[in-house]
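Asker: Sequence order for the protein chains is A and B.
According to the working numbering, the first sequence is numbered sequentially starting from 2.
According to the working numbering, the second sequence is numbered sequentially starting from 2.
In short, the hints are calculated from the structure, not lab data.
A hint or two may mislead.
Any copy will do: because identical chains look the same in the list, a pair fits if it lies in one copy or spans two.
[Stated by the list, open to error] When the alpha-carbon atoms are kept at most 35 angstroms apart in a straight line, the in silico DSBU-like pairs for lysine-lysine are as follows: (1) Lys21 to Lys171; (2) Lys58 to Lys130; (3) Lys58 to Lys21; (4) Lys142 to Lys58; (5) Lys142 to Lys171; (6) Lys21 to Lys41; (7) Lys142 to Lys21; (8) Lys14 to Lys171; (9) Lys40 to Lys130; (10) Lys14 to Lys58; (11) Lys21 to Lys130; (12) Lys40 to Lys21; (13) Lys171 to Lys130; (14) Lys14 to Lys41; (15) Lys142 to Lys39; (16) Lys130 to Lys142.
One-letter residues, chain by chain:
There are 2 protein chains.
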Amino acid sequence: MSTKRIAGAEIEKLIQLLAKVPGLGPRSARRAALHLIKKKDQLLTPLASAMADAAEKVQICSVCANVDTQNPCSICTDPRRDSTTIIVVEDVADLWALERAAEMSVRYHILGGTLSPLDGVGPDDLNIKTLVDRIVGGEVKELILAVNATVEGQTTAHYITSQLEDLDVKITRLAHGVPVGGELDYLDEGTLSAALRSRTIF
Amino acid sequence: MSTKRIAGAEIEKLIQLLAKVPGLGPRSARRAALHLIKKKDQLLTPLASAMADAAEKVQICSVCANVDTQNPCSICTDPRRDSTTIIVVEDVADLWALERAAEMSVRYHILGGTLSPLDGVGPDDLNIKTLVDRIVGGEVKELILAVNATVEGQTTAHYITSQLEDLDVKITRLAHGVPVGGELDYLDEGTLSAALRSRTIF
């Protein structure tokens, strides 16, 4: 039996593009498309304009490489933030995660990935030069390396440290330990060792 | 610490709306938004126009209640389809699922739900009157009730049957049995009983 057209080309196109959104696959894209169509006025139309708006206005911050609708971004231009501390992250998603923790009101720097020679990602592919320039500026007192606790993340952290050797800046990293709410039984040995080594007075 | 603005209002709005798409939650909406922003030209902009297009062109078929960009829909107007058989489904998603099976090239009728007195869904809230009208027209020889095998689905099927008692139309339902690829061990007793009762010669 030949493939038959069961819905308009516009609907097929919508499903096809939705399937490329992370979190949605071909099957859930179909379900999502149907839901959007049924909620045309409440969801489909507003989402279409929200996307068009975002596409039109999104910019990459020339200071820290954050995504925002202004350049420099709202974080870089917020006068209430402490500009003597910069948290270095791999990705904007990490910045968002740290902001949700709402522990520190400081600035950020987004590397845009990690060093990965096998994938051909070298220092020039990351925003490391702009980071060094920010430190050379002299205002920054502390750099918190909040890269992932992976081999690539740690390699990148070491490379950044080596680039800043001669500069007067304190370089720190996130503590390793037991996640809050975590059960010891399910943790790997590396985490448990680190948690034991960095134990604190109760 | 007060909530700080970490991304433009347009980005926040996009995340908020994406979180309402089935399959995405608040956390995955954020991840999806970031991915869309990063793939602005390949994904965000095309998806925005696909949504706007769909919102503008989608219509509900006045014959069968299918969603399409034309009315009557492509299925109702396809001359190659057998118009003497109608498959009755609860939802457009069921029509799409049956079309993927590509077993029969026939017409459909979408009820738009099932009878559910507790939720206040009565016969007038479903597309039952239009179904009866199609049968009264006389062309239809067989009606396949492809409603879900739930209490509500079966109640709806019985109600439809009662409405068509005096009309000359064969009413059938989908077979119950072991799903293809299914393991007996994981099946419920009802399905196994039905599969035994409807056993066929090997």
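Asker: Determine for every hint whether it applies to the structure shown.
Answerer: Consistency of the hints with the structure:
Taking the shortest alpha-carbon separations for Lys21 and Lys171, neither the intra-copy value of 42 angstroms nor the inter-copy value of 43 angstroms comes in at or below 35 angstroms. For the homomeric pair Lys58 and Lys130, the shortest alpha-carbon distance inside one copy (26 angstroms) is at most 35 angstroms, but the shortest distance between copies (49 angstroms) is not. For a Cα distance limit of 35 angstroms, the shortest separation of Lys58 from Lys21 qualifies both inside one copy, at 22 angstroms, and across copies, at 22 angstroms. Taking the closest pair of Cα atoms, Lys142 and Lys58 come within 35 angstroms of each other only inside a single copy of the chain (33 angstroms); across copies the shortest separation is 57 angstroms, beyond that limit.
Taking the shortest Cα distances, Lys142 and Lys171 sit within 35 angstroms of each other inside one copy (6 angstroms), while across copies they are farther apart (82 angstroms). Taking the shortest alpha-carbon separations for Lys21 and Lys41, both the intra-copy value of 21 angstroms and the inter-copy value of 13 angstroms come in at or below 35 angstroms. Neither within a single protomer nor between protomers do Lys142 and Lys21 lie at most 35 angstroms apart by alpha-carbon distance, with minima of 42 angstroms and 42 angstroms respectively. When the C-alpha separation of Lys14 and Lys171 is checked against a cutoff of 35 angstroms, the pair qualifies neither within a copy, at 52 angstroms, nor between copies, at 37 angstroms.
Taking identical chains as interchangeable, the C-alpha atoms of Lys40 and Lys130 lie at most 35 angstroms apart only when they sit on different chains, with a minimum of 24 angstroms there against 47 angstroms within one chain. Taking CA atoms no more than 35 angstroms apart as the test, Lys14 paired with Lys58 passes in both settings, with 24 angstroms inside one copy and 13 angstroms between copies. When the C-alpha separation of Lys21 and Lys130 is checked against a cutoff of 35 angstroms, the pair qualifies only within one copy, where the shortest distance is 33 angstroms, while the shortest distance between copies is 39 angstroms. With identical chains, the CA atoms of Lys40 and Lys21 are at most 35 angstroms apart both within one copy (21 angstroms) and between copies (10 angstroms).
Taking CA atoms no more than 35 angstroms apart as the test, Lys171 paired with Lys130 passes inside one copy only; the shortest distance there is 18 angstroms, against 76 angstroms between copies. With identical chains, the CA atoms of Lys14 and Lys41 are at most 35 angstroms apart both within one copy (16 angstroms) and between copies (17 angstroms). For a Cα distance limit of 35 angstroms, the shortest separation of Lys142 from Lys39 across copies, 31 angstroms, qualifies, whereas the shortest one inside one copy, 54 angstroms, does not. Taking identical chains as interchangeable, the C-alpha atoms of Lys130 and Lys142 lie at most 35 angstroms apart only when both belong to the same chain, with a minimum of 18 angstroms there against 75 angstroms between chains.
The earlier numbered hints that this structure contradicts are 1, 7, 8.
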